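Chemist: Here's the letter readout for the chains.
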Amino acid sequence: MLSQYAAELCMLLIEDHFGELFARIFSILQRYERLTLPRLKFYSRLNDKQLRHALAAMIQHHLIYHFTSLEDGNTYYEANPQAAYYLVRSGKILQLVEERLGEYAARVMEAILYLGHASVKELEGRPELRSRKPMAPNGIKHEEEEPQENGMDMEDGPATTNGDHDGEDKPAPFHATLKALASHGYILRVRDAHFQSPADNFLEAQRAVAARSDIKALKGKKQEEAIREKAQELVQERTNGDLTQGLMFNGLPRGVKRKFSNGLANGQRQNRQNGVNGDHAEDEEEEEENEWSEDEDGFDNIPMESGLVVRVNYEKLDVALRNARFVDLAQQDAPSATAEVYACLLRRVEYITPRCRDSEEIPREKEEGEQFSTPISVQTLLEDIDPSLDLTGALGPMDPSQSMNRRGKRPLENGVDDHDDADDDEDEASSGAMRAYLVNQHLGLLSQPPFDLASSVTLSVGPSKWRVGFRGLARKLRHLELERMIESRFGDVALRVVRVLQAKGKLDEKRLQEISLLPFKDLRQTLASMQRGGFVDLQEVPKDAQRQPSKTIFLWYHDADRVCSSILEDTYKAMSRTLQRIKHERELERDFLEKTERSDVKGHEEEYLTEGELERLQRWKNKEALFLAAVARLDDMVAVFRDY
Amino acid sequence: MSESGIGELASQLYDACLESYDTNHLFYQQDFLSLDIIPKNDPQLLLKCTQQLVDQKLLRLHQDKNERLAWKIISREDADKLQNLSADEGLVYNVIHSTARSGIWVRAIQTRTNLHKSILDRCLKSLEGKNYIKSVHNVKYPTRKMYMLAGLAPSEDITGGAWFTDGVLDANFINSVAGYIEYTVSRKSWFEVPADRGRTAKRIKTATGKADVKSEAAEKTYLPYPFNYEGYPTVQTITNAVNESGITPVRLGEESIVQLLQMLCFDKKLVELNLKNGTAYKSVKNPEAVKEKQSRKHPAEGEDPGPINEPGKSNGMTDSPCGPCPSFRLCSPGGAISPETCEYFDPWMEKNLAF
Amino acid sequence: MSRFAGKKGKRGPGAEFTWDTDPGGEPDTAPTPLYPAYVVPYARKISTKEQIAVDKYRQLREAHHEGPYYSVIDASASSAKKGSAARANFDPFTGMPSYSGRYQKKHRTIPKISGVGRDYETRFFPRELWQIIQPNFRPDASLDGYQAQTNAVSNKRGFEDEEDEEDAAAKRRATGGNEDEGDDDQNEGGLLDGDEDALESIADDDFQDDDDEMGGDYDAEQYFDDGGDDYGDDGDGGGGDEEAY
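Protein chains in written order, with my numbering: chain A, 1 to 644; chain B, 1 to 355; chain C, 1 to 245.
Hint data in this document are derived by calculation from the structure and do not stem from the laboratory.
No incorrect hints appear here.
To be clear about the criterion: a stretch of chain A counts as covered by chain C if any three or more of its residues have a C-beta under 8 Å from a C-beta of chain C, and this derived list gives those stretches: (1) 18-32; (2) 91-101; (3) 622-632.
The model shown is predicted, which means the values in this text are computed figures rather than measured ones.
Backbone N, C-alpha and C fix where the C-beta goes; we use that ideal spot for every residue, glycine too.
With these hints in hand, go ahead and build the complete structure from the sequences.
Modeler: Next comes the structure, spelled out in structure tokens:
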């Protein structure tokens, strides 16, 4: 059962996307957990026609689960809060797909989100996916990023017939793109079990397992355990919609451009765009263009099975979004080249990481073990790292007394001395061994504090490999979110105190002062206000039975688990309030906004609206963007506290 | 043997002791006899001599762990002092003396001397008046009245270390030393790219009117060292640097510096590295960034702190008006405090749409 | 009203309460302010990435709004504040602003499922909804033996239809009751739809308790509207999305 604020939020999101009808049904289902159609009709006060149509559409969008009992023949409906919540993340997901796989891939993804789930055949027939260019102009900035569009002036609109695209004049790379999405794991095959709640799936699997003769032969505890274990396996098998198998090529998903920019993180993309090397970028784009159409074996263009039904794989997308957060951490205090090398490592890690964690809940801090990614070798990374990336200029020399040393780490500073050496160095630097050495250097930097973002695995044979410890980093993200709140509310003094408590456990005021070196007055004030805010707690340890305050030891502590879960609730609430406020703001502007939405006005705003109105519309859009961005940032926190 | 003979012998014994032993030495019977002063090593005679010396306050009687009798010598100077004291005062003085730099709580003196409170108070007052003892402040037990000999410096247990002045944490001193340490460590944690590259960039900067405080310093570029770099400063080098810098009136010990280093690590300004040659420290920010941050002053209480531009310093809750909202707990749609009637959203919107 | 009276404001929840938020107010008798002054935070500037994400979110939401599934509960008055007088007295036929009436965006009250160019994957839906996604589907015709519980389900359907009517009657009854504060509800229901009178006495006992349990969280007029929908006038609000069955 969802908490009050999470439930409220899901309802608001559904209302925002699908209107009041779905929202009413959803909130009734959330309140009563599971209902048959007649009961739902009764509680919701909606008529049969409304309900049946709405339920069908909601199932299409996975907003509700259904389960038909074999015993009483009734079909029960249940809210699917996960699907409802992820509506809020759709913008981020589309942005990520666009960044990774281009504008067209984002459009395919949007179509899938819009349809809930869809067969390959249906997607292929969608008019908005036939053209490489977006139907409606949506922002100039995207286009520059999108190589496919460059140099081709295809008209909009469904000029071509659907179906076979071979022989046609530069059709949209639909199948190749769908394969890229599938092999990245961003979409998955829809299975029957996806329409039943996890609890129903598990119970059903348990029943199926219990009926097996080999399980029946077992007794007592052993049987129980075997049932649980086998049922979990069965659920796994039934819900597994993985599409990456068979689509990977040399460990790389389809649609990844080796050597060049698409294999790199946004950091570099942005650098590129902001940078001065305009012509350079263009060259690349052309090259990419070629790669799309001339993939070596033509495999990419072989259509996927047309009856295959796909939907968005939120679990996998969370892995990609979490990795982006890790890259952000690297970018904060490390050179950008280092962050890029790290992004390449994380990309490889992403391909082989199906979900953020295996356990349903985030384990308690002290009880949580580490979970490492599969190690990736430096050789593999070298294939992905842009060869033009300057790995040498970002690190200082081993010996600071010289501005450069023999290992050639400073070819840029070579104007001063050792001129001849430098040239050699540059040659050396471009060689494979040198680059491998440098990649190790960059990742080595990140393996140290303050980063601790990667760790190396040294094997007895062969070169070292690099891996990422997910749980430790997820914990780091959680602590960082708390620290940001603490610093902004209570100041940097409070931050120090909390970190001391985090590291040392429970402490009395005196000990706390000795370590934090803060004057008593400040310390007490800070502790008191943090206690009011729920960030630290006080434990009383009486020395005698009378529990006299004078004979009681007071210990301060910081329980991160408890604080995280209460902040999560606050975050849901803040998201709800922000959405409610924007609904209210929209209400105030209703007459005006309805005018802009009129069928004659929409799309022809310039024509129909006065200058003042256009300005007002823009102001409204900026305002809404501010609110939605605030919600999106709150969602980032939810991801950290709940999903990563 | 006559009284005067004993007196002379005792005096000889005392001088021999001073000469042959450390002032802190605990003398047993054997030690005295080995000095070959007492004729025939007569224990009776020795006892008489020591008794006389004790009376003259030149020896102090001790009992070791095994309850054997032992003595310690007292300097003539101290002996003079002690001679002027009354019996009770002497008793109190000895007890205070015995605790040396740790000092002693008045209550403990009382139990050990068994003197009446008023007598004890009088003794302490008189001793303090003669400047033989002083009262000290204990950071651990700020309410306890404690004494120690006037000539001793209180131990760190009592003062709380170098960071306390009269039992109160000296925040200004701490901050100035900590700031110095961070900057010093930072300079050794980052490689400064030789200046010729940065100069042009700097000129542009000043031309646009962004005049910096340190105008003579060119815009500097800093690079991190390779990860197996070993040149980061250790506790020892940092301690030396602090003591040579002239920012501290007293010499700071390594243990005091370690305290500060740990504090700086909790502030995430420094990190601890375990290198082959021991623990070393590395700064998170480069010297330029450290300097800039240190020169930035904190906004006064209640003042608008201005937009946060530092990456990684804010999140959804710090950015949204709901996060720090004082009425957040009570807020619900349709209530007295509700998202619809909220008075914080409008100013928040204005503020954030303005730039 | 100046919320930023400057120095009085304090960052964070420990904010001091100030009385000068209301310049014309009487400080001595002023109640605790609902919104004590505090300095609202600055938000980080929206990055390009965030802006793209926000735009994509709006684009998808827009698509959903334009799509066949977006439905309001009552198109004519749904956007007026719930419970407001404007809404209660709203006349869907004349209340519409006329100057742009024909261009005005209309919201459907029932999602349009079939006839939108989609082939639904029947197997993913419960049998009781098959007729919705496939209008040609005959519940009694035996299909490919897809599921064994066909019988149970079709039995169930018979029962539902019955309950549907009961339900509608109960709604009308409850509606009348609420509007007249429990006075003479029988008659009120009769006024609305005399044909259902007979059923009503059956329904009454069944649903009375549940009504209480529901508390006040449903809106009487709305059910009034819903009751009406059953009798064929839903097409008006839905903008001509007549279903094909």
